[in-house]
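Chains A and B are the protein sequences, given in the same order. Residue numbers for the first sequence, in the working numbering: 1 to 109. Residue numbers for the second sequence, in the working numbering: 110 to 346.
FYI, nobody ran anything at the bench for these hints, they're computed from the structure. Treat the hints with caution; some may be incorrect.
[Claimed, not checked] From the structure, some residues in chain B lie toward chain A, with a derived Cβ separation under 10 Å:
no.	residue
1	112
2	114
3	115
4	122
5	150
6	160
7	183
8	200
9	215
10	235
11	237
12	330
[As the list claims (entries may be wrong)] Per label pair, the in silico range of CB-to-CB distance:
no.	chain 1	residue 1	chain 2	residue 2	range
13	A	29	B	115	39 to 49 Å
14	B	232	A	108	39 to 49 Å
15	B	311	A	78	29 to 39 Å
16	A	39	B	316	44 to 54 Å
17	A	66	B	341	19 to 29 Å
18	B	259	A	68	31 to 41 Å
19	A	9	B	270	25 to 35 Å
20	A	87	B	303	20 to 30 Å
21	B	267	A	86	30 to 40 Å
22	B	233	A	85	44 to 54 Å
[Stated by the list, open to error] Okay, the calculated bits of chain A under chain B, using three or more residues with CB under 8 Å as the criterion:
no.	stretch
23	8 to 19
24	44 to 55
25	59 to 67
26	72 to 80
A virtual CB, placed ideally from N, CA and C, is assigned to each residue, including glycine.
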Amino acid sequence: MTMSDGYVWGIIAGLGIGSFLIRFSFLGMIGSRQLPEWLLRHLRYAPVAVLPALVAPLVLWPQATGGEPDPARLTAAAATVLVGLLTRQVLFAILGGAVVLYTMLWLVG
Amino acid sequence: MPDSPRSHYLRGLRDGAPFIFVVAPFGMLFGMVATEAGLPLTQVMGFSVLVIAGAAQFAALQLMKTDATTAIVLATALAVNLRMAMYSAAMAPHLGAAPIWKRAVMAYFLVDQTYAASALEFERHPSATLSQKIAFFAGVATFACLPWYGATYLGATLGSRVPPELALDFAMPITFLAMIAPMMRTAAHVAAVAVSVAAALVFAFLPYNLGLLVAAVLAMAAGARVEQMSARRRAAA
């Protein structure tokens with residue numbers, strides 16, 4: 001696989017500028033104007049709306065196994081969620097998921 | 110002085126400190142994966158400094174490995190980042206009165222972690238002053254954003270020396286899941302998560318990551334709807 005410098009830097013520049021403009025959008029242009037209540041009500045759920053959608057295919061169809069569901073990764077994902085729900089701590093949830101992942105990989109290979 | 114910007118900066122530091130355990134491995138992972146894909150150090154660092162968005166960087170890298178066109182790589186990775194427009198809108202009522210250069214700097218550092226910690230803080234303390242809120246945001250960004258560069262560098266220099274048995278491919282999903290689970294505080298949050306997962310899988314066939322955006326919009330609507338219904342039920346009781 002060969003990636004030309006122009007190709008990679010073009011993507012880096014485009015992604016850098018585009019990402020900044022997205023982040024700057026409301027903060028930069030709208031300023032301190034108050035947003036309507038219905039919009040705020042939707043924004044409250046932005047993280048729980050985007051992140052699960054991002055992660056669900058990665059859990060069910062992991063790239064490492066060529067997109068085949070994998071018992072070790074599924075169990076680790078379940079453990080992460082469970083520990084996260086019980087402890088409400090991101091770090092404990094990550095540790096719990098990692099421990100289960102490595103144990104499962106060691107057990108089932 | 111408990112209300113000085115300095116004390117708010119320190120509170121931000123404290124609230125942002127745990128993120129270093131998320132950002133550091135995640136950044137290292139990107140450095141390793143990007144180096145393994147054949148990118149030289151300057152380009153790996155270019156990604157982390159100029160884009161500073163983990164999920165989008167991984168998405169872009171994944172597509173570049175399959176020789177996707179520039180337009181498709183950009184459209185997909187920017188779609189992954191579209192959620193940040195929502196973060197920007199959520200921060201605007203709190204930080205929008207700051208001078209333009211401060212808003213530009215904060216926009217650059219507006220990532221999942223700085224948004225999540227700040228949104229929680231500003232919801233708890235809506236009466237904090239603008240400078241207190243800016244100080245808190247800066248505190249969170251210190252640990253949530255700055256380690257990203259060093260971690261990427263470390264990962265890039267370690268390069269492909271990591272054995273596949275470590276299953277680093279799954280660090281990203283576990284990190285995201287660990288962030289999501291503690292957010293499921295109310296029925297509305299749970300509904301949003303459920304709709305988000307279901308819709309992402311149902312619409313996974315859509316090209317250019319559009320399924321992610323469809324799922325996000327549906328899930329936000331579900332969360333807002335359930336919140337409204339719960340409020341009405343409470344009012345009626």
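Each hint tested on the structure:
Here the hint on residue 112 of chain B is broken, as its CB sits about 21 Å from the closest CB of chain A, past 10 Å. Hint on residue 114 of chain B is violated. Least Cβ distance to chain A is approximately 19 Å, over the 10 Å limit. Annotation: residue 115 of chain B was flagged as interfacial toward chain A, and the flag is violated, the nearest CB pair being 24 Å apart, outside 10 Å. Evaluation of the residue 122 of chain B hint against chain A yields a violated restraint, the C-beta minimum of about 16 Å exceeding 10 Å.
A distance limit of 10 Å between C-beta atoms decides the matter here; for residue 150 of chain B the minimum to chain A is near 12 Å, and the interface restraint is violated. Because the smallest distance between the Cβ of residue 160 of chain B and any Cβ of chain A comes to about 5 Å, under 10 Å, the interface hint for this residue holds. About 5 Å separates the beta-carbon of residue 183 of chain B from the nearest beta-carbon of chain A, less than 10 Å, and the hint is met. Hint on residue 200 of chain B holds. Least Cβ distance to chain A is approximately 6 Å, under the 10 Å limit.
The beta carbon of residue 215 of chain B comes within 7 Å of a beta carbon in chain A, closer than 10 Å, and the hint placing it at the interface holds. Because the closest C-beta pair between residue 235 of chain B and chain A is about 12 Å apart, greater than 10 Å, the hint is violated. Below 10 Å, beta-carbon pairs count as interface contacts, and residue 237 of chain B has none with chain A, the closest being about 15 Å; its hint is therefore violated. The beta carbon of residue 330 of chain B is positioned within 10 Å of a beta carbon in chain A (closest approach about 7 Å), and the interface hint is therefore held.
Remark: the range hint 39 to 49 Å for residue 29 of chain A to residue 115 of chain B is contradicted by a beta-carbon distance near 31 Å. The beta-carbon spacing between residue 232 of chain B and residue 108 of chain A, approximately 43 Å, falls within the hinted interval of 39 to 49 Å. Under the hint 29 to 39 Å, the C-beta atoms of residue 311 of chain B and residue 78 of chain A, about 21 Å apart, miss the expected range. Taking 44 to 54 Å as the suggested C-beta distance range, the pair residue 39 of chain A and residue 316 of chain B does not conform, at roughly 28 Å.
In this structure the supplied range 19 to 29 Å is violated for residue 66 of chain A paired with residue 341 of chain B, their Cβ-Cβ distance being about 48 Å. The beta-carbon spacing between residue 259 of chain B and residue 68 of chain A, approximately 35 Å, falls within the hinted interval of 31 to 41 Å. At roughly 26 Å, the beta carbons of residue 9 of chain A and residue 270 of chain B sit within the given window of 25 to 35 Å. Under the hint 20 to 30 Å, the C-beta atoms of residue 87 of chain A and residue 303 of chain B, about 21 Å apart, fit the expected range.
The supplied range of 30 to 40 Å is met by residue 267 of chain B and residue 86 of chain A, whose beta-carbon atoms lie about 33 Å from each other. Under the hint 44 to 54 Å, the C-beta atoms of residue 233 of chain B and residue 85 of chain A, about 22 Å apart, miss the expected range. For the stretch 8 to 19 of chain A, the stated coverage by chain B holds: 11 residues have a C-beta nearer than 8 Å to a C-beta of that chain, and at least 3 were required. Evaluation of the coverage hint for the stretch 44 to 55 of chain A: fulfilled, as 12 residues show C-beta separations to chain B shorter than 8 Å, against a requirement of three.
Against chain B, the stretch 59 to 67 of chain A contributes 5 residues with a C-beta closer than 8 Å to a partner C-beta. That satisfies the three-residue criterion, and the hint holds. Restraint check on the stretch 72 to 80 of chain A versus chain B: 5 residues with Cβ-Cβ distances below 8 Å, three needed, restraint holds.
Violated hints, listed in ascending order, are 1, 2, 3, 4, 5, 10, 11, 13, 15, 16, 17 and 22; each of the other numbered hints is respected by the structure.
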